[in-house]
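Engineer: In case you want the letters, here they are:
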Amino acid sequence: MAKFNEKLNTWKNDPKLDSARGHLERKVKGWLFALFRTIIVVGIAYVILSPLIGIVANSFFSTEDRYSPVVYIIPQHPTLERYELTILRMDYWNVLKNMMMYVIGITFIQLVICSMAGYGFARFNFPMKRILFACVIITIVLPAHAIMYPLYTTFQSFDPLWIFSIFTGGSTNLLGSPWPVVIMTLFGVGLRSGLYIFIFTQFFRGLPREIEEAAIIDGAGNVRTFTQIMLPNASPAIITVAIFSIVWQYNDNFLGRLFNVSDNILLSRRIASLQATIANLDQIRDPSITTLYVYAAVVLMILPLLLIYVLLQKYLIEGIERSGIVG
Amino acid sequence: MSGMTLAENKKRRFRLSLSGKKSVVGMIFVMPFVIGFVWFIALSLITTFRMSFSDVTVAGVSGMSMSWNSFENYVYAFTVHPTFSETMGTSVLFMLIDVPLIIFFSLFMALFINQKFRGRTLVRAIFFLPVILGAPAIADALDSARAMMIGGISPASAEVMTSLGSNLNVNIQYYLNMFGDMAIPDSLLGFIVDAVHRINTIVIASGVQIVIFLAALQSIPPSVYEAARVEGATSYEAFWLITFPMVSPLILTNVVYTIIDSFVTSPVVTLAYSTIFSDYNYGLGAVFSIVSAALVLVILGVVALILGRRTFYYT
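Heads up: the protein sequence lines correspond to chains A and B, in order. The numbering of the first sequence is our numbering, which starts it at 8 and goes up by one. The numbering of the second sequence is our numbering, which starts it at 476 and goes up by one.
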């Protein structure tokens with residue numbers, strides 16, 4: 008025991024061991040922090056995942072599993088039948104392909120228009136700027152259903168500046184096509200465009216002015232400064248907005264329903280009618296069984312989005328580590 | 476003397492024309508939004524305003540007719556309608572309670588999952604899930620499936636089914652009794668249960684904010700931290716002097732988003748929605764929408780004013 012105490016004392020007091028002590032201390036601290044982090048992250052992850060575990064597990068339930076009172080979470084007779092029928096009835100691969108083209112196209116427009124507006128608000132002074140920025144906030148705050156009826160009629164008889172009346176003699180009905188959504192997105196008032204403009208504005212305001220000043224001194228015009236200096240530096244904002252835009256456009260069922268966009272494009276409309284479709288076409292009437300197909304459809308809808316998110320996240324991190332931006 | 480003024484004049488004229496040019500460029504950048512706002516939002520808002528001052532009747536497929544009735548709808552909403560004022564009050568109250576919790580939680584979590592550790596991609600994917608699950612299409616599909624089940628079969632079995640299907644339900648009462656047997660006071664237990672219940676709500680509502688904070692954290696160049704470490708800054712100082720100011724513009728963004736998000740899903744918006752779609756009372760629904768949106772705009776203005784002063788921008 009005395010020997011141990013002696014050893015402990017040398018360990019504590021010997022100046023030669025200073026660096027080793029510091030190293031150990033840092034290591035223990037780091038380890039404890041990692042433990043703390045793991046506990047928190049695992050706990051929160053459980054909170055997030057718990058409803059999803061039920062959904063995923065149920066999507067593999069066979070009918071007998073569903074009716075059996077002893078089956079809980081782990082199916083006794085797992086089946087892929089739910090997925091097969093869901094893919095068939097939703098026309099999954101086909102609609103997914105159309106949907107992705109539509110969603111990615113809209114997201115691209117969102118990125119161009121909203122980043123431009125964000126840059127304009129962040130870096131330029133012009134008359135009525137504050138009022139116009141308040142308008143951006145209004146578009147975010149205003150509940151969509153407050154203006155849905157006027158919007159509907161606008162696109163029902165679509166006639167901007169009487170162009171259609173002059174050339175074709177009458178207005179056009181754009182309902183039923185994706186055009187209303189595309190046009191609104193083109194003019195910066197698409198699905199949650201206001202939020203994206205806001206995110207871009209805040210990001211651009213957070214970037215140091217020196218980088219553009221250097222570009223302007225080097226003789227770059229405004230457009231070149233924007234596309235070649237500001238946008239690459241705002242890549243975290245671009246990826247973030249792209250992720251949100253893809254997720255929300257993909258999951259939108261308000262604009263899609265309001266403008267009656269075809270369900271050959273919108274998976275969100277397919278999932279909404281899935282239960283009724285299966286009840287009618289396949290004569291599966293029990294809601295507790297048709298619900299299983301909805302669960303399978305939810306899993307099928309989540310997977311592409313998760314994949315996109317993970318890919319974009321990876322790209323984001325690599326992009327930043329490569330460019331070593333700002334500062 | 477006169478030479479000076481001449482030079483000054485020249486300088487001022489040059490600067491004016493430069494700033495004039497810059498303002499034109501700025502207007503071009505925001506032009507698409509301005510056109511879209513006037514064309515789609517402002518014009519529609521005017522119609523909605525007119526509806527709020529009118530008695531709206533829906534006539535078949537051809538559309539609706541409005542007859543002016545001045546402030547009748549507004550008076551009705553505030554004095555006669557049984558729940559509107561109260562619903563709006565509770566909506567705002569819950570919003571004000573939830574917002575700080577969500578902001579702290581999401582910043583905290585973003586700091587956590589921004590670090591390097593094994594399985595980081597998986598953890599980030601999990602933390603992104605609430606954004607997807609909360610999105611309307613999936614949330615609605617799950618809701619209607621649940622509603623179908625309750626409507627379609629007898630309530631008792633429906634209850635069993637929903638508890639099987641959507642959640643991993645634990646018999647919480649059992650554990651509560653267990654703690655009660657350990658002589659832990661009831662009020663403390665109640666508080667803990669409440670907090671735990673809130674954690675669920677807050678985690679689900681923080682998905683978007685975590686993603687935004689992650690992006691903000693990732694836009695801070697590592698070189699700044701290296702420089703700080705060379706200068707001998709502790710990680711505490713590094714957080715308050717580097718991380719916090721650098722993410723502060725997006726704290727404002729997140730506060731604004733959180734307020735709006737909790738408003739959009741709040742009871743008062745649901746009330747406006749059901750007034751329009753279940754009762755077909757467009758005029759009154761328009762009043763509800765306009766009044767509640769205006770109230771949220773005022774709150775946002777105050778918050779932006781307070782936080783905007785403390786926000787750090789490179790200028």
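Note that these hints are calculated values from the structure, not bench results. Treat the hints with care, as some may be off.
Said to hold, decoys possible - 27 Å max Cα-Cα, derived DSSO-like pairs, lysine-lysine:
| no. | chain 1 | residue 1 | chain 2 | residue 2 |
| --- | --- | --- | --- | --- |
| 1 | A | LYS104 | A | LYS136 |
| 2 | A | LYS23 | A | LYS34 |
| 3 | A | LYS23 | A | LYS10 |
| 4 | A | LYS34 | A | LYS14 |
| 5 | A | LYS36 | A | LYS19 |
| 6 | A | LYS104 | A | LYS321 |
| 7 | A | LYS321 | B | LYS591 |
| 8 | B | LYS497 | A | LYS34 |
| 9 | A | LYS136 | B | LYS591 |
| 10 | B | LYS497 | A | LYS19 |
| 11 | A | LYS34 | A | LYS19 |
| 12 | A | LYS23 | A | LYS36 |
| 13 | A | LYS34 | A | LYS10 |
| 14 | A | LYS36 | B | LYS591 |
Engineer: Next step is simple, just say for each hint if it's right about the structure.
Structural biologist: Okay, the hints, checked on the actual structure:
1. LYS104/A - LYS136/A: Distance ~41 Å between LYS104/A and LYS136/A Cα, so the pair is violated.
2. LYS23/A - LYS34/A: holds, 19 Å
3. LYS23/A - LYS10/A: holds, 20 Å
4. LYS34/A - LYS14/A: holds, 21 Å
5. LYS36/A - LYS19/A: Distance of about 17 Å is within 27 Å: holds.
6. LYS104/A - LYS321/A: OK: LYS104/A and LYS321/A at ~23 Å, within 27 Å.
7. LYS321/A - LYS591/B: Since the Cα atoms of LYS321/A and LYS591/B sit roughly 13 Å apart, the hinted pair holds (cutoff 27 Å).
8. LYS497/B - LYS34/A: Violated, at roughly 54 Å.
9. LYS136/A - LYS591/B: Violated - the C-alpha atoms of LYS591/B and LYS136/A are around 41 Å apart, more than 27 Å.
10. LYS497/B - LYS19/A: Judged against 27 Å, a Cα distance of about 65 Å means the pair is violated.
11. LYS34/A - LYS19/A: holds, 17 Å
12. LYS23/A - LYS36/A: Since the Cα atoms of LYS23/A and LYS36/A sit roughly 22 Å apart, the hinted pair holds (cutoff 27 Å).
13. LYS34/A - LYS10/A: Since the Cα atoms of LYS34/A and LYS10/A sit roughly 26 Å apart, the hinted pair holds (cutoff 27 Å).
14. LYS36/A - LYS591/B: OK: LYS36/A and LYS591/B at ~16 Å, within 27 Å.
Of the hints listed earlier, those the structure fails to meet are numbers 1, 8, 9, 10, in rising order.
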